[in-house]
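Asks: Generate the whole structure from the sequences, applying the supplied hints.
Just so you know, the protein sequences line up as chains A and B, in that order.
Just so you know, the first sequence maps onto residues 0 to 400 in numbering that gives the first Met the number 0.
Just so you know, the second sequence maps onto residues 0 to 400 in numbering that gives the first Met the number 0.
Hints in this document: simulated from the structure, not taken from any laboratory.
None of these values were measured; they are calculated from a predicted model.
One should not assume that every hint holds.
As the list claims (entries may be wrong) - Taking CB as the label site, the calculated pair distances span:
hint: 1; chain 1: A; residue 1: 157; chain 2: B; residue 2: 283; range: 30 to 36 Å
hint: 2; chain 1: A; residue 1: 67; chain 2: B; residue 2: 286; range: 14 to 20 Å
hint: 3; chain 1: A; residue 1: 297; chain 2: B; residue 2: 120; range: 28 to 34 Å
hint: 4; chain 1: B; residue 1: 290; chain 2: A; residue 2: 77; range: 50 to 56 Å
hint: 5; chain 1: A; residue 1: 157; chain 2: B; residue 2: 290; range: 41 to 47 Å
hint: 6; chain 1: B; residue 1: 290; chain 2: A; residue 2: 345; range: 44 to 50 Å
Here a beta-carbon is modelled for each residue, glycine too, at the ideal position from N, C-alpha and C.
There are 2 protein chains.
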Amino acid sequence: MAGPNGFTLEATDSDARAGILHTPHGDVPTPAFMPVATQGSVKALDPADLEGLGAKIVLGNAYHLYLRPGDEVIKSLGGLHSFMAWPHPILTDSGGFQGFSLQHLREITQDAIVFKSHLDGSIHELTPEAAIRHQESIGADIIMPLDVCAPTGVGRDEVENALEMTSRWAVRCREAASRSDQMLFGIVQGGSFPDLRKRSAEFLISLDFPGYAIGGVSVGESKDEMYQATHVTAALLPSKSPRYLMGVGSPEDLVEAVAAGIDMFDCALPTRIARNGALFTPDGRVNVYTAPFRYRDQPVQAGCDCYTCRTFPAAYLHHLFRAKELLAYRLATIHNLRFVLRLMEEMRSAVLDGTFEDYRKAFHRSFVPPDQERRHSQKRKWLKAQGRPEVSERDTDTSGE
Amino acid sequence: MAGPNGFTLEATDSDARAGILHTPHGDVPTPAFMPVATQGSVKALDPADLEGLGAKIVLGNAYHLYLRPGDEVIKSLGGLHSFMAWPHPILTDSGGFQGFSLQHLREITQDAIVFKSHLDGSIHELTPEAAIRHQESIGADIIMPLDVCAPTGVGRDEVENALEMTSRWAVRCREAASRSDQMLFGIVQGGSFPDLRKRSAEFLISLDFPGYAIGGVSVGESKDEMYQATHVTAALLPSKSPRYLMGVGSPEDLVEAVAAGIDMFDCALPTRIARNGALFTPDGRVNVYTAPFRYRDQPVQAGCDCYTCRTFPAAYLHHLFRAKELLAYRLATIHNLRFVLRLMEEMRSAVLDGTFEDYRKAFHRSFVPPDQERRHSQKRKWLKAQGRPEVSERDTDTSGE
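Replies: Quick look at the structure:
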């Protein structure tokens, strides 16, 4: 049965949790991964694909959608669900993270994040109230407050300032929110400082949000710092409420964050690296663009239940990437999203069966994450190719992901 | 029952025909449109999409596939059907047309078309025997001889030379062809000269091919010239054999060519213009990129049975094109291919019912083709953007279509 906050906690296994998130557009079994549809489309996929992959909820970005096509377009089409033909749950991010990541940020005042549009250079002031208004207008099931995210490496003062601003804006967002069919989550900031995480979480809990997000992670910090901040913060949050770790989504991070008690995730990484030919396997990432795949007559991942692996030899994907055929991006995205969504399904089963720790160990025995240095260098290379500074795995660019 | 040439003529209605093409990978009801998969992929679509659209046969280009991924890759993967996971009929073109269209053509000798690869600058001599060897190696159901195609606007001498070369090469291709499970068609050349078309057709018929293609059309000539050449040539061909009009595929041309007695078509136009936002409707083309579609809450074509029209408001396609989302190309391609494939299905039914002339008239009453001058200017603009000279609707570029 749904609690008043729209979440039912079904089982725990140590800190890992299995639950159900209830929304007006349907239930979402947790832990859940939300594919990223920044501009109202999970890149290269259609809604039938997403249903086939087992996605139950997707994430859109209200700031991007406000700039294009505009709230009034989406509203006149009956809201974001109708517009993108996704009749299932949607969460929208507010645009706060874009204040951290977009090159087009102008300034952050006490009242607003001021952006210069990447589309036409126009200036937009995003106040907490406007962030709620945009999100109420397009009508996602779960909406996010405007928050301020401090980059990694800055001092405690800056992290504290971001936290305090986030707290004040959380109050304003809560007051501005008027739709009873939407859940507005709180976002915990506080960087890598456990006492600041505690201060932020306690303040938000005092406001009694129906769900809590952990922000300010996956912003350039080391994996250990990220895991610690996640663990510390998750432990502060009420067990009855859903917990959403923003911008995290490599397979190894998903496993560790579920172990820490997180219920919801979004990340552009699985879809973005897919479009570069990097595909997940139980042993780690492989890149089908590379020479060893030229004659590979086996699927990318033997036994994988995704359409791509059930249908094509890896050599065909290799060819499609080499020939820059559009189908390459679609097939690779299908595989990576299915890999991540299946991982979530398996973790959920393991929690329900009380075997999560075994699952976690087995996963790490097999899955070798890319070396962090290599990972960062790949990321820098990719961002450089896009003309952007290094930031994070979250949707940071003008085009979305 | 299949004739020895793999074709059963089921019905005629004036000159229009309905039949069945028999191949080792299945039957193809005709008239049939073959979506273009130059490099082994119909751009932006997967095989399940194509099946859902009602495609029964696709076209690949043996010259492109020889350059990349290479015959030996496709062969080691079990042939083109396995490689691209398309277990249905395939026709491959030889590369002769690329001798007409590619910027990388070096020369045409008595023995071969000499190309410089667009991939690595290497020189490749394509003899008639090599064209057959490549096509036998990758294993399509229907293969094409190496032919020589004269551009429009050249004198009778050049057209005649191309024809004579094509005839001599047809003999060599026929002698080189050794696989009994493949049908090698003959290609009629002769440009807009009825007596040359007659000479070419009679020579090829004396060699008794299991099917005949009409080449040297859709190479820049006017629609009237193209219709006339089609009509004249179709009338010369044996009624028991399938007739394939190469490189033709705008809706209005398909209707006129079926009226002239053509059974098979291929063309990159429906898929190429889709990727520019130009979509077919019963009234003609519309471009969803344009402002009137911004708020359009109806599908692109009311009542269309394609996934795109059944699922999305036109405003969503407009947004996807504006935002350069990959899904735009897929959804637009699905619509245009379904439009063309449904047109073929409807023409076939009309022939079987003896109502083809009514169908043809009703089609033309509603469908307004783009003005030829506007069409040519759009084409020039598109080719210029690709850095290429104007040529034709056939697959002319280095990347395929």
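Asks: Would you mind marking each hint as holding or not holding in the structure?
Replies: Here is what the structure says about each hint:
1. A/157 x B/283: 30 to 36 Å: Cβ of residue 157 of chain A to Cβ of residue 283 of chain B: about 59 Å, so the range 30 to 36 Å is violated.
2. A/67 x B/286: 14 to 20 Å: About 18 Å separates the Cβ atoms of residue 67 of chain A and residue 286 of chain B, which means 14 to 20 Å holds.
3. A/297 x B/120: 28 to 34 Å: For residue 297 of chain A and residue 120 of chain B the Cβ distance comes to about 33 Å; the hint holds.
4. B/290 x A/77: 50 to 56 Å: violated (20 Å)
5. A/157 x B/290: 41 to 47 Å: holds (44 Å)
6. B/290 x A/345: 44 to 50 Å: holds (48 Å)
Consistency note: the structure conflicts with the earlier hints numbered 1, 4.
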